[in-house]
Amino acid sequence: MTPELLDRIKAVVGPKGVLSDAADTAPYLSEWRGRFTGKAAAVIRPASTAEVAEVVRLCHEAGQAIVPQGGNTSLVGGSIPFESGAEIVLSLSRMNRIRDLDPLNHTVTVEAGCVLQTVQEAAAEADRLLPLSFGAEGTCQIGGVLSTNAGGTMTVRYGNTRDLVLGIEAVLPDGRVWNGLRRLRKDNTGYDLKHLFIGAEGTLGVITAAVLKLFPKPKQTETAFGAVPDPAAAIALLSTMREATGDAITAFELIPRIGIDFALRHVQGVIDPLSERHDWYVLLEASAGTRSDGFRALFESGLEKGFEAGTILDAVLAESSSQQRAFWFIREAIVEAQKYEGGSLKNDVSVPVSRVADFITQATDAVCARIPGLRPVPFGHVGDGNIHFNLSQPEGADTAGFMARWDEIQTAVNDIVRGMDGSISAEHGIGRIKREELARVKSPLDVELMRAIKSAFDPKGIMNPGKLVP
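Residues 6 to 475 in the working numbering are what the sequence shown lists, from first letter to last.
Keep in mind the hints are simulated off the structure, nothing from the lab.
Mixed in with the good hints there might be a few duds.
As the list claims (entries may be wrong) - With a straight-line Cα cutoff of 27 Å, these simulated DSS-like cross-link-like pairs (lysine-lysine) come out: (1) Lys447 with Lys465; (2) Lys310 with Lys351; (3) Lys465 with Lys44; (4) Lys224 with Lys351; (5) Lys465 with Lys15.
What the hints assert, rightly or not - The calculated label-pair distances, taken between Cβ atoms and stated as ranges, are: (6) Ser326 with Gln273: 19 to 25 Å; (7) Ala409 with Leu201: 32 to 38 Å; (8) Ser35 with Pro234: 26 to 32 Å; (9) Asp284 with Thr416: 44 to 50 Å; (10) Thr7 with Ile458: 27 to 33 Å; (11) Arg456 with Ser326: 25 to 31 Å; (12) Ser448 with Trp37: 49 to 55 Å; (13) Pro234 with Ser89: 50 to 56 Å; (14) Leu322 with Ala91: 53 to 59 Å; (15) Ile458 with His271: 27 to 33 Å; (16) Pro357 with Arg456: 26 to 32 Å; (17) Ile103 with Ala457: 33 to 39 Å; (18) Ala131 with Pro377: 27 to 33 Å; (19) Pro357 with Pro234: 17 to 23 Å.
Predicted, not measured: the structure shown is a model, and the values here were computed from it.
Virtual Cβ for every residue (Gly too), placed ideally from N, Cα, C.
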């Protein structure tokens, strides 16, 4: 970053659009887990697509590397600059307008800096549902959500982020603006270019706005917290509940007892959901567009079939919205509680739903054989095959030494995932952490095609260099 280039950028975005003091830039340079802390020549905060385009054009002209950033909730180092300080961070946080909400078309058009929760609330006010929901929804931004193709708790019914996007607007690496803000359900006019940007983690351009699908707001939601004998029984119960409710299951989460114990120990307000302890639990939810006693009866009938088949041992149904929130609080508290138990090796993987139980068994055996006393905490959105296979250090172990085995353990887990035709990243992306591992698990042709796409869009290699692409 030369002084001349910085002056030209300041002329575009104004004094509010450039941060350079260490105290001001610090929040943009560290990942929340603390695994990565980088440096940047400056943090640039444009307020419009036109400003983004001009900043990118100037950087392209000068060969200046750019790290696009949303809410900085990345878990794989994708939104953090490297330690050299040669890059600039391009924050989209000032671009936070909802441009249009069309209830009749069931769409909302938003800028990349909109916080997910804000868009959820706007949809709800219009009696609509945006079915994107995960722990970071109060801080993550739409541009980052799309760039990582994040998942969440409702994927089992509504699909991943990619499935909820009708169109996007993006600034290309040379500064040109591609306007793909289509609001159409059907558009069969060649390559669907938006899907190149979704999941690209800012390596092909900067997403500046998007058209998202909305759905009728559910009028009735049924939630239950149940105990199951093991993960295999949980998957069988999922199938039973989908059939019993007419495929109305919107969330299906697997939770191990160790996760609840961690949450009870470290997070205030967590309750033990059932009167007796069990090794495994599920949190399941179904929703309907109309309110009726019949829908609850369908939900209960599915649970009854589970009891008869032995796939569920005990369960409690939420009788109020506050009880529903209490159940979900347990699920979210498990994420927070793990950090108080020392080092945690994170694996965000997916396998076919029918292989979830096999994966948990095989992966647990493999990692525990390598590290005696290891405490696996496998949990997550198993309704769509996504397991957060997190591994807490043995009690009393040296945290630094334990974390140093990240690559070894990740390789062991990923080998099992690959053997089941799974994915080494279900919803968190690749970023820095998994870039080289991606080259190991992908075929040479996969890698060749990814590099060709990157080269075609960004021949100068200025867009989020060193991320995603092996």
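Results of checking the hints against the structure:
no.	hint	result
1	Lys447 with Lys465	24 Å, holds
2	Lys310 with Lys351	35 Å, violated
3	Lys465 with Lys44	21 Å, holds
4	Lys224 with Lys351	36 Å, violated
5	Lys465 with Lys15	23 Å, holds
6	Ser326 with Gln273: 19 to 25 Å	21 Å, holds
7	Ala409 with Leu201: 32 to 38 Å	37 Å, holds
8	Ser35 with Pro234: 26 to 32 Å	42 Å, violated
9	Asp284 with Thr416: 44 to 50 Å	28 Å, violated
10	Thr7 with Ile458: 27 to 33 Å	30 Å, holds
11	Arg456 with Ser326: 25 to 31 Å	49 Å, violated
12	Ser448 with Trp37: 49 to 55 Å	33 Å, violated
13	Pro234 with Ser89: 50 to 56 Å	52 Å, holds
14	Leu322 with Ala91: 53 to 59 Å	56 Å, holds
15	Ile458 with His271: 27 to 33 Å	43 Å, violated
16	Pro357 with Arg456: 26 to 32 Å	28 Å, holds
17	Ile103 with Ala457: 33 to 39 Å	36 Å, holds
18	Ala131 with Pro377: 27 to 33 Å	55 Å, violated
19	Pro357 with Pro234: 17 to 23 Å	21 Å, holds
Hint compliance for this structure: hints 2, 4, 8, 9, 11, 12, 15 and 18 are broken, all remaining hints hold.
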